[in-house]
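Chemist: Sequence:
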Amino acid sequence: MRTVTLSVASREEVTKRVLSAFRGKKQGEHISFASVELLWKVLTAKRWELLKAMTGQGAMTIREAARRVGRDVKAVHGDVHALLNAGVLDKTEDGRIEFPYDAVRVDFLLEAA
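In the numbering used here, each residue's number is its place in the sequence shown (first place is 1) plus 239.
The set of hints was computed from the structure by calculation and includes no laboratory data. No residue lacks a Cβ here, since even glycine has one placed at the ideal position from N, Cα and C. Misleading hints may appear alongside valid ones.
Stated by the list, open to error - Derived DSS-like pairs (lysine-lysine); straight-line CA-CA distance at most 30 angstroms: (1) Lys280 x Lys291; (2) Lys330 x Lys313; (3) Lys330 x Lys285; (4) Lys313 x Lys291; (5) Lys280 x Lys313; (6) Lys280 x Lys330; (7) Lys330 x Lys291; (8) Lys285 x Lys313.
Said to hold, decoys possible - Listed next, with one range per pair, are the computed distances between beta-carbon atoms: (9) Val275 x Arg302: 28 to 34 angstroms; (10) Met240 x His320: 25 to 31 angstroms; (11) Ala314 x Thr294: 17 to 23 angstroms.
Let the sequences and hints guide you as you build the complete structure.
Modeler: Shown next as structure tokens:
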């Protein structure tokens, strides 16, 4: 099973993880955001629904993704581009979109101010 961890991490934390991976330490697959606010800005409720519909399903057209979530193609198109720009979705050579994971873990810590 291919799992991705969506996390909130500073540049220093991401750099540490990359250097550890470079040294051969297994890190798993991560998509990191600079803040919790940015994570929630990118992963709106509609986009989260889209990711759930695409998880483990392979590459598909935007039209197919829209059909799976029961939404307008134009609206899904906007969400797809936001997720592509954030590095959450991939685009295949033939122009289809893909969320290439079978599971998603969300990891962040909320601390007292």
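Chemist: Now, for every hint given, state plainly whether the structure supports it.
Modeler: Outcome of the hint check:
1. At most 30 angstroms may separate the alpha-carbon atoms for a hinted pair to count; Lys280 and Lys291 meet this at roughly 17 angstroms.
2. As the CA atoms of Lys330 and Lys313 are separated by approximately 17 angstroms, the hinted pair is consistent with the 30 angstroms bound.
3. Taking the CA atoms of Lys330 and Lys285, the gap is near 19 angstroms; set against the 30 angstroms cutoff, the hint holds.
4. Among the hinted pairs, Lys313 with Lys291 is consistent with the structure: their alpha-carbon atoms are about 19 angstroms apart, no more than 30 angstroms.
5. At most 30 angstroms may separate the alpha-carbon atoms for a hinted pair to count; Lys280 and Lys313 meet this at roughly 19 angstroms.
6. Restraint check for Lys280 and Lys330: the C-alpha separation of about 21 angstroms stays at or below 30 angstroms, so the hint holds.
7. For the proposed pair Lys330 and Lys291, the alpha carbon gap of about 17 angstroms is at most 30 angstroms, so the pair holds.
8. Pair hint Lys285 plus Lys313 holds up; C-alpha atoms about 13 angstroms apart against a cutoff of 30 angstroms.
9. A hinted range of 28 to 34 angstroms holds for the C-beta pair Val275 and Arg302, which are about 33 angstroms apart.
10. Checked against the hint of 25 to 31 angstroms, the C-beta distance between Met240 and His320 comes to roughly 28 angstroms, which is consistent with it.
11. Between Ala314 and Thr294 the CB atoms are about 20 angstroms apart, so this pair conforms to the stated range of 17 to 23 angstroms.
Violated hints are absent here; each numbered hint is respected by the structure.
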